[in-house]
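A.B. asks: Fit chain B to the given chain A structure using the hints.
Going down the list, the sequences are from chains A and B.
To convert, note that position 221 of the first sequence is 221 in this note's numbering; the numbers rise steadily by one, no gaps.
To convert, note that position 104 of the second sequence is 104 in this note's numbering; the numbers rise steadily by one, no gaps.
Since the hints were derived computationally from the structure, they do not count as laboratory data.
Idealized CB from N, CA, C, for every residue including glycine.
Warning: the hint list may mix true and false statements.
To be verified - Now the stretches of chain B that chain A is said to cover, found in silico as 3 or more residues with beta-carbon under 8 Å:
(1) 266-274
(2) 289-300
Claimed, not checked - Listed next, the in silico DSS-like pairs over lysine-lysine satisfying Cα-Cα at most 30 Å (straight line):
(3) B:217 with B:20
(4) B:301 with A:155
(5) B:301 with A:104
(6) A:129 with A:143
(7) A:104 with A:129
(8) A:243 with A:225
(9) B:301 with B:209
(10) A:143 with B:301
(11) B:226 with B:258
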Amino acid sequence: MINIKDVHAHVETDDGDVEILKGISLDIPAGEVHAIMGPNGSGKSTLSYVLAGREDYEVTKGAIELDGEDLLELEPEERAAAGLFLAFQYPVEIPGVNMSTFLKTSINSIRKQRGEDELDALALLKLMKEKCKDLGISDEMMKRAVNVGFSGGEKKRNEVLQMAMLDPKFAVLDETDSGLDIDALKIVADGVNSMRSPDRSFLVITHYQRLLDYIKPDVVHVMAKGKIVKTGGPELALELEEKGYAEFIEEAA
Amino acid sequence: MGSQVKTMKPLNIDDLPTPKVEEWKYTNLGRALPANLAVAEQPEEIVIHKNRGEVCEQPEEIVFTSSDGQHTQPRLRIVLEEGAQLTLIERHDGTGAYWKNMVTEIEVGPNANLQHVRLQNDNNEAVQTNLVHIKTARDAVYNGFSLNMGGKLTRHEIHAEIQGENGEVSFNGINMLNGEQHADTTILIEHQAPHCQSNQFYRTLLDDKSHGVFQGKVHVHQAAQKTDGYQLSNALLLSPDAEMDTKPELEIYADDVKCSHGATTGQLDEDPLFYLRQRGLNEAQARMLLIQAFVDEVIEKVENEPVREDILEATHTWLQTALNS
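With the rest of the complex left out, here is chain A (with noise of 0.2 Å):
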């Protein structure tokens, strides 16, 4: 599914040219979840853009493949099309576009992509309402603008409303337990269960085994100081959670 291989990755900063990736090297095969733990500033929110193709990071080194293709040649958007998906760790506020105006574009814009045909406005609809039952959304959601006024759970359960609709075969999810209370994890976490497929992928970016509780990975990557330092089963959760980063940083070092 998806080859990620020995990626480098600079960004400019006021303290000048920055390596944050330095050799990022993971496999995630068809069907299976892999989580991402670490520390702040090492590296995971990084990774999930230059996945995505955020044009402030510049890849030095390395290769990135979804399904043979590779994604480093590709705009943001024919990532998208490709069947990337990322959810944002900070879903951005866009006043002025409602959620069904934005839902609608990005749907179409997919499928036109792909040489598929334009779902109509009912078709659009019907999806819509499915999607955002099993999310509890309320429709008056989808009448404000996107992520406006939204609080820190609606928007990341917006973020898995359009992950449902837009069907990826790849998903990245940044940090979409953060600002979560309990009950809105739980409806989070069920909205990626309710996707996970054999033909479908996962990464899932978290600071904390909480998520894991409610998305069980398959593999579990530590990641430290722009790279993978260890790789494990769901067990090496626990074990980060009960003895903190501190010894893969010095592993790291």
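C.D. replies: Leaving out everything else, chain B in the frame of chain A:
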């Protein structure tokens, strides 16, 4: 009472204001006026008068058209007596290079409601100066919207005197400028009575080498307690050569008021652009959607739906041309 509102005389071609005058510091009128202007025969003042309690269900329209070489000085007078209601659409167009030097006087009577939509689409070689004087009585509502798209140089100068209690005055506008267009919006609101509200909400899109000016001043007199004054100007630069000058001012002599102002000038944010592209929109689509949303938020202030749809259409067409060139 120390009102700063000046007498309503049109600008005089022999005595033009220069950028040395504070209120004209960003706008050089003399330099923009076409050469060899001939003073056209002055049309009679257009008067729109609605009697006490007269409620006009349908919008009324007036068109001001000029042609090449003309120096016209149209005068418009709108009077709404107590309880009258009107939606007025004022259109501007023309051909060639001309100077439309207009004076508008508006009186909104007690409990009257004027929805005033101004669609300025003068020729790109033309100069328009429009001095507007508005007086409102108690419980009056004036809701103004101005779409400025045309003209080589335009100046829309508004002096509002809120004279009666509990009135509400709004000035909303969109400037969409390209080429070497220059558009100046200068607003002075005099709060002279208590419990009144004033809103200014302007958004400016600047492409190519265009130049926008927004000067907005709220003057709260001592008697105008419980004033609620709001002002926001946002400008979006679509080109590195475009320029925006913004001068927000508050002058407050009452001690129990709420006034706020904000002004921003910048480019499109990267964050929403990336968010939309991650959701499958290409860069051009994402930019179009964000910029249309930027102007839509002002268009929402227009109450009449068919008029609002027309404005949406006009801005959409402008954007498609601007973003595809």
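A.B. asks: Take a quick look at whether residue 129 of chain A and residue 143 of chain A sit within 30 Å of each other, Cα to Cα.
C.D. replies: OK: residue 129 of chain A and residue 143 of chain A at ~12 Å, within 30 Å.
A.B. asks: Hey, residue 301 of chain B versus residue 104 of chain A, does the alpha-carbon distance stay inside 30 Å?
C.D. replies: holds, 25 Å
A.B. asks: Take a quick look at whether residue 301 of chain B and residue 155 of chain A sit within 30 Å of each other, Cα to Cα.
C.D. replies: holds, 27 Å
A.B. asks: For the pair supplied as a hint, residue 226 of chain B and residue 258 of chain B, confirm whether the alpha-carbon distance does not exceed 30 Å.
C.D. replies: holds, 7 Å
A.B. asks: Are the Cα positions of residue 217 of chain B and residue 20 of chain B separated by 30 Å at most?
C.D. replies: Given pair residue 217 of chain B, residue 20 of chain B holds - Cα atoms ~19 Å apart, limit 30 Å.
A.B. asks: Take the C-alpha atoms of residue 301 of chain B and residue 209 of chain B, compute the straight-line distance between them, and say whether it is at most 30 Å.
C.D. replies: This hinted pair holds, its Cα atoms lying about 29 Å apart.
A.B. asks: Hinted pair, alpha-carbon criterion (30 Å max): residue 143 of chain A, residue 301 of chain B. Please report holds or violated.
C.D. replies: holds, 18 Å
A.B. asks: Hey, residue 104 of chain A versus residue 129 of chain A, does the alpha-carbon distance stay inside 30 Å?
C.D. replies: holds, 13 Å
A.B. asks: The region 289-300 of chain B covered by chain A? Criterion: 3 or more residues, Cβ-Cβ distance below 8 Å.
C.D. replies: holds (count 7)
A.B. asks: Taken at face value, is the distance from the CA of residue 225 of chain A to the CA of residue 243 of chain A at most 30 Å?
C.D. replies: Holds - the C-alpha atoms of residue 225 of chain A and residue 243 of chain A are around 18 Å apart, at most 30 Å.
A.B. asks: Cut-off 8 Å, C-beta pairs, minimum 3 residues; does the coverage of the region 266-274 of chain B by chain A stand?
C.D. replies: It holds, with 4 qualifying residues against the three required.
The structure is consistent with each of the numbered hints, conforming to all of them.
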